[in-house]
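Based on these hints, arrange chain B on the given structure of chain A.
Protein chains: 2
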Amino acid sequence: MKPILEVAESIGIAEKYLELYGRYKCKIDLSLREDLKNRPDGKLVLVTAMNPTPAGEGKTLTTIGLAQALNAIGEPTIAALREPSLGPCFGMKGGATGSNKAQLMPSEDINLHFTGDLHAITSAHNLLAAMIDNHLFQGNALQIDSNRILWKRAMDMNDRSLRQIVVGLGEGNGVVHESGFMITTASEVMAVLCLSENRRDLRERLGRMVVAYTMSGETVTAEHIGAADAMTVLLKEALKPNLVQTAEGTPAIVHGGPFANIAHGCSSVIGTKTALKLADIVLTEAGFGADLGAEKFFDIKCRQAGLKPDAAVLVVTVKALKYNGGVPRGELDKPNPEALQAGLANMNRHVDNIRKFGVPVMVAINHFTSDTTEEIRIVQEQCARLGVKAELSDVWARGSEGGIELAETLRTMLRRESSRYAPLYSERLGIREKIETIVREIYRGAGIRLNAKVEAKIQEFERQGFGHLPVCMAKTPSSFSDQPNLLGAPENFVVQVRDVTLSAGAGFIVVLTGNIVTMPGLPKTPGAEQIQLDEQGEIVGLF
Amino acid sequence: MKPILEVAESIGIAEKYLELYGRYKCKIDLSLREDLKNRPDGKLVLVTAMNPTPAGEGKTLTTIGLAQALNAIGEPTIAALREPSLGPCFGMKGGATGSNKAQLMPSEDINLHFTGDLHAITSAHNLLAAMIDNHLFQGNALQIDSNRILWKRAMDMNDRSLRQIVVGLGEGNGVVHESGFMITTASEVMAVLCLSENRRDLRERLGRMVVAYTMSGETVTAEHIGAADAMTVLLKEALKPNLVQTAEGTPAIVHGGPFANIAHGCSSVIGTKTALKLADIVLTEAGFGADLGAEKFFDIKCRQAGLKPDAAVLVVTVKALKYNGGVPRGELDKPNPEALQAGLANMNRHVDNIRKFGVPVMVAINHFTSDTTEEIRIVQEQCARLGVKAELSDVWARGSEGGIELAETLRTMLRRESSRYAPLYSERLGIREKIETIVREIYRGAGIRLNAKVEAKIQEFERQGFGHLPVCMAKTPSSFSDQPNLLGAPENFVVQVRDVTLSAGAGFIVVLTGNIVTMPGLPKTPGAEQIQLDEQGEIVGLF
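Line order of the protein sequences matches chains A and B.
Using my numbering, the letters of the first sequence map in sequence onto residues 5 to 547.
Using my numbering, the letters of the second sequence map in sequence onto residues 5 to 547.
Looking at chain A on its own, in the form it has when it is part of the complex:
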């Protein structure tokens, strides 16, 4: 690893803008963006993917490898990525920082406490919860209905026992009511931090968050509770983007990591905009497949932040295509050209969808050793038929070298094709119409179904003045539909809208189409049991 000061210097950031966190991590002061405001922005490229499968598609890996390759061919590039959550590291998955020759460094630090952003979000979230319950205990001047407290608590840990709890038991311990914990990445505070333009915007958004209803049905906000300023204080450092590097010393801004279902799943606006001032090309990613991640990136993040994406890279794998063509999980390593052909329908639809936003798109085929030459040729031929460039990516094994063609093709596309980006739907559509537009245009379903209670909530949100907000779809990532087993490119399904909730601070209406778990559990044998320090005090067993 290079000292992070050297990485910062390589993109022209003076030391005065940096706060070091050890030798290899730092935060960038918000004044840098202000000082560079007259500098032109670089090109913004979204790396997204086909529907995710148990095999793993390597979207983060490809983003990192491609950023390395672009630098290798002389295009100054920064990766603007999400920061991982600590809790899941002790459950099943490894890190969220790429791997082998296309990974973020120092990966253990980034996956664990990093620069404390998630801890700060947890603190801010729980301060608000404590102040709400204290308000109830101290006389309840706002007449909050203890059965209608929307604001739960947050913890960056996989702990299913905290999903549904009763608090306030025992004499002098407050007002008894139901509550629960979500993992910190699912907190609206995380979404707010990621969508905020600056400190003032953060402060205003926090104040707008709806936390409860009164006995007479009025909304209570964090502003009413008097918590928004203190929360902003707790988030003062967390709002500053983090700078780290990849395995090849490519600069990476790693900042913010909201859930990709009940939130928009993109790294921070501040991080993205800072990167755009510092590089010719900025690669960023969005959660899950393009049906969720890219749609929200375009319709929520870019719309709110006034960002204009210049291109998109769709990551596919031969394995995931076969899986979408009906091959079961255990047989993905075997050649199966027929299933692959069938699975291409999934890719086709994502390509078509991205084009609906007016954004030029190319395909990256993330290479696995089990892929056959024939299989790769089949994918490339299909891309040719779609009129979309496709390149094989081998960044896991070879780092930037394995991404040179990909980088060159992207560069050519950025030079030749210009983006006519526009969101999919107008803010002026009603909430129901927005949902229907996404289901029809992106998921390609026949329509939506919702019960009277959900209809009433939608009407209430519109009456309260939230009808202009974009919608944030919470749906299974495995399928275009709301049913995880409908692989490939399903049609004629009806999406069941089970609930809608308001994230007034983040600025979207969450549309729940399934049972979304916002607090994961640990598996039978938690990964934690294998994680330890070795004799030299280095972490082993984390990945």
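In short, the hints are calculated from the structure, not lab data.
Hints may be right or wrong, so weigh each one.
To give an idea of the interface, some chain A residues facing chain B are shown, with a C-beta separation under 8 angstroms as derived from the structure [what the hints assert, rightly or not]: (1) L9; (2) D160; (3) L166; (4) N177; (5) A231; (6) I535; (7) Q536.
The model shown is predicted, which means the values in this text are computed figures rather than measured ones.
Beta carbons are placed, not taken as given, at the ideal position from N, Cα and C, and that holds for glycine.
Relative to the frame of chain A, chain B by itself:
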């Protein structure tokens, strides 16, 4: 503020041992102590106080001011202090970093997230809780009794609603049982971190923590749960001591801050021992008054760590002496020589107690503007009668200048009087005899009272092989007795032992003599409502 690198250089720490957290905070690598192991230790001085009163005695303030003054008279001195908890900053109290000309800098940072140590402790604590509940959910191979889970959860926030809760409600959400949250500083993980000699010791202590009982009454430890290694990983950075500076640039190692009732209330052993290698004099403090803080410092911290304290400074104030002489809180500013005389009994006993440990002691009279010359003279005359040096300290108003006499007197004492430190009681005494010794010798009570259930627990701990552990008294800090209103120097009281609990990782038996609240609540108007960022992004309203 000086850059922290400059402060570090001033005490001879090479940059390679430092991890910066911004410009003004850093962590010191554990290898420094190893590399300096042949260097002689400096002198260790405990700053303690008479029984605390609502007026505030300024123990931390005096420690900081005295460290500044010692440096001013040419004695290289480091203050080794506790790090504050974030939660209470949003409740009633201001910071825990001294104030005005005798404070730690950067005080806002230190009081809020600092270098993330408390967040790491919270994470480690809650990982263990999640793994225990996951064990129950995944088949409960250890046959843990869900009604006898001792390990609760932790949060660094004042939230009374979380004191007593029910977790695991709802289908698929684990096993329903009672639980609760304590504030992070009350976690045994904090005590363990503070008493650990090194990484290996930390790992072993974490494994020894008793977290539950099985159906057949056997103890279950963190080792059984398989959590100790992963917890050590989470605490990897938190174990490294933090270096900051005082308002005058005096180096301060601020590390660890356990509760002073259910834990021992002293800063970390690693921090103290590191400081002893770097300075001629190290000032450290312990929680509450000397009856709790000094006793535990001598009997738990120094005994476990093999530290040999060279002197003690007892902080008194005219106000606190009057309060102990019967003056009500609102009238402490009025001269009252009679009440002052009566209150001196409190000071006398603390001086006598410290001498019982074989440690030379002097008195620091922390000056308030309301003190009259006569009142100060009365205190000084009493000290002369006790044969103890007393100096007026005015470090709040004047910084080091206000502590010169104090510093010179301490220096003289360190040169002339040598410590014959020994703990109060032998490890070989039974648990009950240890408690009785403290009550008789330090509190000066007539004896203890305990019911059959507590007696049975004591016998059980002894049978389990924990009889050799020192005891950690949890008692009101306001009185020598277990009744907060018995001020001055009460006698003939009987201390009621309500419960005993085992902190096998920290290495002590906690003796509860009252109702100890381990999770504070917020007041009617939380301080949080006044805390905000100003236009420049600086924190205002925190103190």
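Hints versus structure:
1. L9: For L9 (chain A), the interface hint is violated, since the closest Cβ of chain B sits about 10 angstroms away, which is over 8 angstroms.
2. D160: This hint holds: D160 (chain A) lies near chain B, its Cβ roughly 7 angstroms from the closest one there, short of 8 angstroms.
3. L166: This interface hint holds because 6 angstroms falls under the 8 angstroms limit.
4. N177: Holds: closest Cβ of chain B sits about 5 angstroms from N177 (chain A), inside 8 angstroms.
5. A231: 6 angstroms, holds
6. I535: 4 angstroms, holds
7. Q536: With a closest approach of 4 angstroms, the Q536 (chain A) hint holds.
Checked against the numbered hints given earlier, this structure breaks only hint 1.
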